[in-house]
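Enquirer: So you can see what is in the structure, the chains are spelled out below.
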Amino acid sequence: MTDLGATTPASLPAPRRDWAALLLCPVLMAAALPLVGSASSWVTLTAAGLAMGMMIFLMASGLTLVFGLMDVINFGHGVFISIGAYAMLLVLGPLAGWAEADSLPLNLALLAVCIVVAMAVTAALGLVFERVIIRPVYRSHLKQILVTMGGMIVAEQAIHVVWGASPVAIRLPEAFRGAIVIGDAAVERYRVVAVAIGLVVFAGMSLVLNRTRLGLLIRAGVENPEMVEALGYRIRRLFVGVFVAGSALAGLGGVMWGFYRQTLTAGMGMEVMVLVFIVIIIGGLGSVGGCFVGSLLVALVANYVGFLAPKLALVSNILVMALVLAWRPQGLFPVARR
Amino acid sequence: MSGGRGGVLAALLSDDGPRSRVLAVLLLAIAAGLAATPFVFPGSQPIGAAAKICVFIMLAASYDILLGYTGVVSFAHTMFFGIGGYGVAIALDRLGPGWGQVALGVVAALGLSCVLALAIGLISLRVRAIFFAMITLAVASAFLVLASQLSTLTGGEDGISFQLPGELRPAFRPFAEPVLGLAINGRVLAYYMILAVTVLVFLGLLRVVNSPFGRVLQAIRENEFRAEALGYRVVAYRTAASVISACAATVAGAMLALWLRYNGPDTTLSFSIMIDVLLMVVIGGMGTLYGAVVGATLLVLAQTYLQAVMAKASAAAAGAPIVAAILHPDRWLLWLGVLFVLSVYFFPTGVVGRLRGGR
Amino acid sequence: MSEPILRLEGVETRIGPYHILHGVSFDVPAGELTLLLGRNGAGKTTTLRTIMGLWRASAGRVLFDGRDITALPTPDIARAGLAYVPESMAVFSDLTVRENMVLAARSGPLDSARLDWIFGLFPALRRFWQSRAGVLSGGQKQMLAIARGLAEPRRLLLVDEPTKGLAPAMVRNMVEAFRQVKAAGETILLVEQNFHAASALGDDVAVMDNGTVVHSGPMRALAADAALQQSLLGLSLDQHQ
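Residue numbers (the working numbering), protein chains in the order written: chain C, 1 to 338; chain F, 339 to 697; chain E, 698 to 938.
Isolated chain C, as found in the complex (with noise of 0.2 Å):
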């Protein structure tokens, strides 16, 4: 995981690394070529698949870490993606010149503002979720199930309130728009800029959980809070601090799930809810690289699955999580506890 150590000898093995589930995906999309068929087939229900992922991974990553690290389950979690997106509505309205320009450096300028502009949102709100609503009920699931699920569906009555009740269409900036064309293959835009996106995500999360004190400690009050704070550290604040953090990738999470879908609704965040929930248990409560594996894996298997035998598509997330959990019934990488 980290080599900043100068002391190790050279004789030591490495630590030991879970092949076996960080080989799924790729293995699934190597076995699904030859059952696609299509090369360009392929590559077009492969970028998919990775782009819905990422976009899940965006709106999962947050409420994982949340639980693992505070055993605080936000069933509200949904309603910080729909809010993320509406946050957008900010900027968009403002800066629809940006949009409309055919430029891709101010295209990226103005999602980057709307980026900003929806964290910023959605961690304000997390921090008054966190001590209205979340508070008083740590340590007791039932609770905290009801509760967040009270404060849900307030939130959604309040964008009702602000942003009125019925659908926002929004568009795509001007570069996002149409499909790149690599050979017979074609691959939204948007999509390569959801993978990137996740992928900067994902790596800034992985570097700041293994590289730094805070992400070392983070990972320690996953396992054991009590012996962070007889080291001396106040897991209060850290708290806090991820329950913000979290709130704001939902609402990174809403803005790209926002544009993906060009339709905003209250109830957005809570529909994508189940996929989010489905992700973070296979995944493993808590673990963030589970979660990433678990958003690709499952939005891979949906849409090579929906190419393959439209009707199993329904039901094919259930089926995933049911082998799963077969396999490895506390996820695919379980978080040590206590």
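Honestly, the hints are just simulated from the structure, not real lab data. As the structure is a prediction and not an experimental result, all values here were calculated from the model. Treat each hint with caution, since some may be false.
So the derived list for chain E, only partly shown, Cβ under 7 Å to chain C, looks like this [to be verified]:
no. : residue
1   : A775
2   : R776
3   : Y781
4   : D791
5   : R803
6   : L863
7   : M867
Using N, Cα and C, we set each Cβ at its ideal position, and we do this for glycine too.
Once you've looked at the hints, dock chains F and E against the given chain C.
Expert: What follows is chains F and E alone, placed relative to chain C:
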């Protein structure tokens, strides 16, 4: 009526009376209101609301067996509700209107619900509450997708409209003369059938929670490890509870379908119904069963009539846009959501617990 | 005898409905190794956890260097200069040995001279430096837990039963390590069941029974008085010898 003073009533209520004068009066008022609605409030809206209240009393009470008495959050409850609806709808649609078909539909639906509840219970009740909630949510959503896509069987998004047995049709007139000023027809009979089933199911559930079995459930809810240490097989008890709960929900779904002469994804399977049921049980009072009665009545009345009140209030506040917006009739759920959150924090035993003295 | 760095005055602790500590009082002098002895269930672990603020005293005071730390949050108690090695060891098994040590060194990068000293005490840690702590043996985890307590200079080290469940050879290593730590001038409060190991290490001793301290004084006096040992500790300790 308050307290276990013996007698037929106490036996019917399994010696688990309202234990509060105000609550007893409230419950009597609800019961009397439901019994008298067709005679007292003419028109199709009141009787429709009353039938809906009956169905949701069954649904919420059965959900309370899980949430309040077993301490698990399931999001698959509407799946069983839907199975009941589809059972009746498919049987009557395919095999024609008749009581045999109704029975067949209900029995088949109960069978499917039992199997599914058993499977979900055995597979996932041994895991933690959070896991169970997520898995049931996933299963329920898969079922919703299946129901709306397998259109040859379920009618897809459009659902199934079907003919009722003759005795339940509006045209059926058992009496030549009006009774107490009301012309009795098949609709009225259907309503009273639903009311009777509701009373039976509710009293049955009351019996279940006050049986030794019900007490073990509550012991598990209070302290799972201790119950396990005492030798109770927690998973078996929880699974049995979820099967009972699923069956009651199935019956509720069948009754709704019979009332509406229709079943579809939106009427029985949608996530918003799940939310409604959560609101009913929590606001009414978890773990009391009577809470389901109060909560279902409150919510259905709010859905049906609160909007009208809010429309007036909103119009009155037209000068202040924000106030007008949050009082908009479509925002009734906003207020119930706030009430829900406050309930969980400040009166976790809901209206019923409050009336019984804050216990 | 030097000034006490830690003083407990009539500390009472309740866990849920159970009243565990009934007025615990004793001193830990600076620069010495104080042993906390007693049978299973006497309240030794609860005493350490109460000092760290992991359980709250319902009465009495914990004074550290003259300052009342009874009501401080756990992280602040740790920052006052206490290091805690719990009975369960509580190493972060998902983190490497190095990462465990990095977290233990709160104020900055690990000091390499100090690290060499720790490696001298526990050579296995050098060998497994980059391994996940979860793959270590029980004895190695215990070493890591103690090493974490030593990662930076602290004013008082609280250690809960470091020899529990260890093989005899490992117990000897552990005793030797503590002798060196003590020689380096650290102040230690050590909970121990193994009287043999304990008597070789301790300067002072406090014996607990039923949630109170029933005897305290120099270790030498207790070690020389077989009758007192018998009356205070019974046979439960002797079986370890």
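Enquirer: May I ask which of the numbered hints given earlier this structure violates, with the numbers listed in increasing order?
Expert: Violated hints (numbers, rising): 6 and 7; every other hint is consistent with the structure.
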